[in-house]
Amino acid sequence: MSEPEFFGPDWAAAVRDALAAGPSEQARAGKLAMYWDFFEQVKAGYAASWALWCRDLPAGPAALYIQWGGGTVTDCRVTRSGDTGLGDTGLGDTGLGDTGPADQPAATYVLGMDYAGWQALHDGYDPQRTVMYRKILVEEGNILEFFKTIYFFTECLGVIGGVPAAFPALAVH
Amino acid sequence: MAERKSPTAVLHEGPRALSDQQVRDIEGAELKEVLDVDIDDVIEYVHKGLKSLPDYTTLYRKYLKQRWDVYDLDFTQDKIDWNEKMTEAERNSFLAIASGFHHGERQVEIELPVFMIGAGEEEKLHIAAQVEDEARHTVFFDRFYREVVGLQGDDIMDILDASFPWVAETFVGPFGLLAYQADEVRKNPYDERARVRYGTTYFLWIEGVLALSVMKVTLSYARWRGFLPAYYTGFTATCRDESRHVQGGMKYLQDAVRKDPTMTREIHETLRTILTLAGVASREVIYEPLGWTQDEVRMLMFQQLGRKLNDVGIRLPPDLQAMVGSVQPVLAGG
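Chain order of the listed sequences is G and W. Those letters in the first sequence? Residues 1 to 173, by our numbering. Those letters in the second sequence? Residues 1 to 334, by our numbering.
Be careful, since some hints might not be right.
As the list claims (entries may be wrong) - Just the calculated beta-carbon pair ranges, DEER-fashion: (1) G/A27 <-> W/P113: 32 to 42 angstroms; (2) W/D69 <-> G/A27: 36 to 46 angstroms; (3) G/Y133 <-> W/I80: 29 to 39 angstroms; (4) G/T72 <-> W/M157: 29 to 39 angstroms; (5) G/R28 <-> W/E121: 44 to 54 angstroms; (6) G/Y133 <-> W/D72: 24 to 34 angstroms; (7) G/H122 <-> W/G150: 25 to 35 angstroms.
Worth flagging that the hints you see were computed from the coordinates, not collected in a lab. We treat Cβ as the ideally placed atom computed from N, Cα and C, and that holds for glycine.
Excised from the complex, chain G in its bound form (with noise of 0.2 angstroms):
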């Protein structure tokens, strides 16, 4: 079977599977169960939603739209930027705000990242080090807030990495 297309529908919904199952076994056996219990605890009360973009995707700018509720992912699709009418320019250059995409309720973070990023995510470059070295970014929304729940959000960010896709070539311009 051929992986789903990375920010395809299949995919997102793969993602969804994959974020409301949490880390794999593997990745919680070399970590405290308090670490995991601060993660099962912040997943458990998380009303918050995640618009991941892309901006340089080959089919054009697209978001991973995430909400979470009730301990579980409620939402999981992706959009592109012609919902929006945002162009390839970046939502953070458009003033508007924490407006999410325009079919769904704004996403209480905005974040982006490089499509070399999320290939080397899927690869398997250490979440930690993918918010460290800045290669994703919030570009809305509270940074003290954002960072109370840290460990959820790289965990998760591992888990969207680890879900299989295939990764169109980019254009040569």
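Fit chain W to the given chain G structure using the hints.
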């Protein structure tokens, strides 16, 4: 370097008084003389400076006198100590602690330049010096990991990649926060509230609490056992550099709060996020081979935080005080 007092002795002795001569000895020591300086005296020296915070020009002039050449260090004996004298348990504990610093120095080096944009002219001199200090500290750890631990790589990032498996998952808490706050300052370099939040993470927490606490653990071990002379020399010189950074950072926060008392809220809100994260650990680090226990490291961190807050006149509301009690030792600094 002779075997000396136990690593944790100063915890039970409490704060010590430094004579004027001791201060002059610390401030004026050449690199080769730093081997004979007691790390507890250098940490005390940090706080002595906080009582009457020096201005930025004074800190810059101190930098010009205290700057040391990281390539003057000779790690030959350290390599022998590492491979032939230290036990595997000691090496493992040491790496679990030092690796946070290896990455922490790199992080603070690259996150600092944006803070210069909105700073006063004299403060810019001090920050420029601090950036150079942090770059030198990054090279210090690069050399230590190559020449003593034996990691191999073509460039600095190769060595960082190789030591990263020893870094705890919770490292992203303070250092990821700093990266994102640096980006906030980059976008709005004159936003004083964003600068105060950034300064709280960098100067108060990472440098004032984490760095000074963790420095003491590995340095007091090296001094106690009489091992790793080049590491002791370079890292004690690093601690002396940090004294200028902490003093400059605390001056910045103190001035900001005096100018606008509502800035205290930014400090508290930043600490609320940091302390939320600091209550969680992802790995168990065994301190005993280095002469410490987890409770003693935690006590050390409490002491560092309490002294910084007292010295610069910042108090914590009751909810933050309660959070301090659950802090887990985080093995990183910068």
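Range hint compliance [Cβ, G/A27 to W/P113, 32 to 42 angstroms]: Taking Cβ atoms as reference, G/A27 and W/P113 lie about 35 angstroms apart, which means the hint holds.
Status of the given 44 to 54 angstroms range, CB of W/E121 versus CB of G/R28: Once the Cβ atoms are compared, 52 angstroms apart, the range 44 to 54 angstroms for W/E121 and G/R28 holds.
Determine whether the Cβ-Cβ distance between W/D69 and G/A27 falls within the hinted range of 36 to 46 angstroms. Since the Cβ atoms of W/D69 and G/A27 sit about 43 angstroms apart, the hinted range of 36 to 46 angstroms holds.
Could you say whether the range 29 to 39 angstroms given as a hint is met by the Cβ separation of G/T72 and W/M157? Roughly 38 angstroms apart at Cβ, these two residues keep to the hinted range, so it holds.
Using the beta carbons of G/H122 and W/G150, state whether their distance is inside 25 to 35 angstroms or not. holds, 32 angstroms
CB of G/Y133 to CB of W/D72, is that within 24 to 34 angstroms? holds, 31 angstroms
Does the beta carbon distance between G/Y133 and W/I80 stay inside 29 to 39 angstroms, or does it fall outside? Holds - the Cβ-Cβ distance for G/Y133 and W/I80, about 35 angstroms, lies within 29 to 39 angstroms.
Every hint from the earlier list agrees with this structure, and none is contradicted.
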